[in-house]
Amino acid sequence: MIARNLTHRPIRTALSVLAVAVEVTMILMIVGISEGLLSESQRRSRGVGADIIIRPSTSSAAQSLGTADIPQKLLERLAEIFPEIKITTGTALTTLGNLQTITGVDWERFTEMADGVHYLDGGPLKNQYDAIVDEVYARYKKVRVGDTLNLLNHDFRVVAIVESGKMSRIFIKLETMQELMGWHGRLSQLYLKLHDPTATAATITKIKALLPSYPIYAMEDLLSQAAANLRSMSAQSINVIIGIAVTIGFLVVMLSMYTSVLERTREIGILKSMGASKAYITRIVMRETLAMCIVGIVFGYLFAYSAKVAIETFFPLIAVLILPSWVFWGAFIAIVSSLVGSLYPATKAARQDPIEALAYD
Amino acid sequence: MVHDSIIEVEGLTKVYHMSGRVEVPALRGVDLSVKTGEFVAILGPSGSGKSSLFHIIGGLTPPSTGCVRVAGHDLTNMTDRERTALRRHSVGFVFQRFNLLPTLSAAENIEIAKHIAGDRQTDPRFENLLSLLGIEHRLHHKPHALSGGEQQRVAIARAIVNQPPILLADEPTGNLDSQNSKAVLTTLKTLNKELGQTILMITHNAEAAAFCDARTLHMLDGKILAEESTGRQ
Ligand SMILES: Nc1ncnc2c1ncn2[C@@H]1O[C@H](COP(=O)(O)OP(=O)(O)O)[C@@H](O)[C@H]1O
Ligand SMILES: [Mg+2]
Chain A
1 MIARNLTHRP IRTALSVLAV AVEVTMILMI VGISEGLLSE SQRRSRGVGA DIIIRPSTSS
61 AAQSLGTADI PQKLLERLAE IFPEIKITTG TALTTLGNLQ TITGVDWERF TEMADGVHYL
121 DGGPLKNQYD AIVDEVYARY KKVRVGDTLN LLNHDFRVVA IVESGKMSRI FIKLETMQEL
181 MGWHGRLSQL YLKLHDPTAT AATITKIKAL LPSYPIYAME DLLSQAAANL RSMSAQSINV
241 IIGIAVTIGF LVVMLSMYTS VLERTREIGI LKSMGASKAY ITRIVMRETL AMCIVGIVFG
301 YLFAYSAKVA IETFFPLIAV LILPSWVFWG AFIAIVSSLV GSLYPATKAA RQDPIEALAY
361 D
Chain B
1 MVHDSIIEVE GLTKVYHMSG RVEVPALRGV DLSVKTGEFV AILGPSGSGK SSLFHIIGGL
61 TPPSTGCVRV AGHDLTNMTD RERTALRRHS VGFVFQRFNL LPTLSAAENI EIAKHIAGDR
121 QTDPRFENLL SLLGIEHRLH HKPHALSGGE QQRVAIARAI VNQPPILLAD EPTGNLDSQN
181 SKAVLTTLKT LNKELGQTIL MITHNAEAAA FCDARTLHML DGKILAEEST GRQ
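Chains as they are written, first to last, in the numbering used here: chain A, 1 to 361; chain B, 1 to 233.
If you are wondering where the hints come from, they were derived from the structure by calculation, not from laboratory data. Ideal Cβ placement from N, Cα and C applies to all residues, glycine included. There may be inaccurate statements among the hints.
Unchecked claim - On the chain B side, residues computed to face chain A include the following (Cβ under 7 Å): (1) 84; (2) 87; (3) 99; (4) 101.
Only chain A is shown next, with the shape it has when bound in the complex:
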């Protein structure tokens, strides 16, 4: 009977299904893009292989990106003082706009710390104006080994394309970066790798005693803190988008069920004359809504998955991560908003006076 009523007005049903699908898609995509960017940046940070990270003493978090205030000598001093440290490396980095960072590295030290880097093509940084990009950036900018890439107003030659997931998407030599930015002898961040990662906390305490003015973090702490910060920053805009999505689903379902109930006034009268209770009528409307909503959710999943594939194909720098928990929450939100939307039509139907309804044409 539910199916019969829904297929009776295929366009209206299709519109409601579409609205729910759009609702689910919007929710999954906005959360998916935000989580995707986060997890991608975390993956790259983890890929460095460091246990401890030291940031500039002056830094507010915002400034730390794009300045270099840490004396480079500190790197060697720390390695001498603390036998726990296995490798140190420092980077100088700045942003390029469009959220990309370019990182100056001591390539040998970096690859050692990162347990090697997988070259898809080419080899290590050698000359002053060599650059290495990761596969995603290479695909996005359509560059190959041997191509020229203009970075920081300078032409670089791409010498390698590496597998993504380690620190940055664009690497140049540390000295080149320092020279171009006027950061002689200074670094943006220090990375320390320990012989024994379980000694991280203890080692940090010791380094802090020596360098009280520097923010020193365990990599894992920094990552989870960064994740929390990013999530709380994006929470508001995500909530707004989800709010819009929910409103669309709610309104379309409400309007659709309202007209459907109005149209079937007479049928409701018939059911009531047979002794159908208010609860029975309400259940009919709710079940129809739920059926429509579930089909909408399935389409929403399909749309979201297609959108994910499309985005990752055409905008490779954006990763979309559809978390299983949000697959659940997306459906849950859609169902709740649809059922709330059907509440008024259902109540209206249930309250119909049977005689008036039977006289209705």
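Start from chain A and add chain B with the ligands according to the hints.
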């Protein structure tokens, strides 16, 4: 004898309150007593309150004043919920306009009445009834594919599938040609005679009442007039 009176109506009035404080008195003191197993036909001009009387007896609307007892229930102070239960278990309606659900097949229309009443098991006698109604081979059709007479017989089957003690038929042949009317009236008569179904039928047509061998009552201006018998007693 009280126990064999399945419907007892005394001094029943019904006033409809229209918008703008206009009051329409539809029933002005109706007395009626129907025994179990009776076939009562109610005749009267349109607007005389016949349908209003049925709507009250069938629990579609509350009485204004007066005493109404139906199948052992006092309808005077019934709540909406109690009237719903009365419609579910104690009466079956047949309307002039058939009122089948258009998206469901004949069988599903009957099925849903059972479902509303709580999906009790099919009475094996009901199968007989369907063949008695002559619609058993038309059950998978949608209403629009059935003739008026067939639709009305499906509606009758639906009205009695839960074996209500009372069947209320409001001009059941009003939309039918003479041949289909006859089929429907024959059906009702058979139900009454063979199964002892108590039936109240509104009709414009004295011949219909006579055909069904019914006790005939006349209504005018919201009252039941003198009673005549057509030889049933
Ligand atoms: N729901 C209603 N609201 C207002 N007036 C009504 C309603 N139903 C019936 N009436 C009025 O009550 C009177 C009796 O109507 P009804 O019971 O339908 O008579 P009948 O079935 O004999 O034609 C008529 O004047 C009619 O206009
Ligand atoms: Mg009438």
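Going down the list of hints, with the structure as the test:
{"no.": "1", "hint": "84", "verdict": "holds, 5 Å"}
{"no.": "2", "hint": "87", "verdict": "holds, 4 Å"}
{"no.": "3", "hint": "99", "verdict": "holds, 5 Å"}
{"no.": "4", "hint": "101", "verdict": "holds, 5 Å"}
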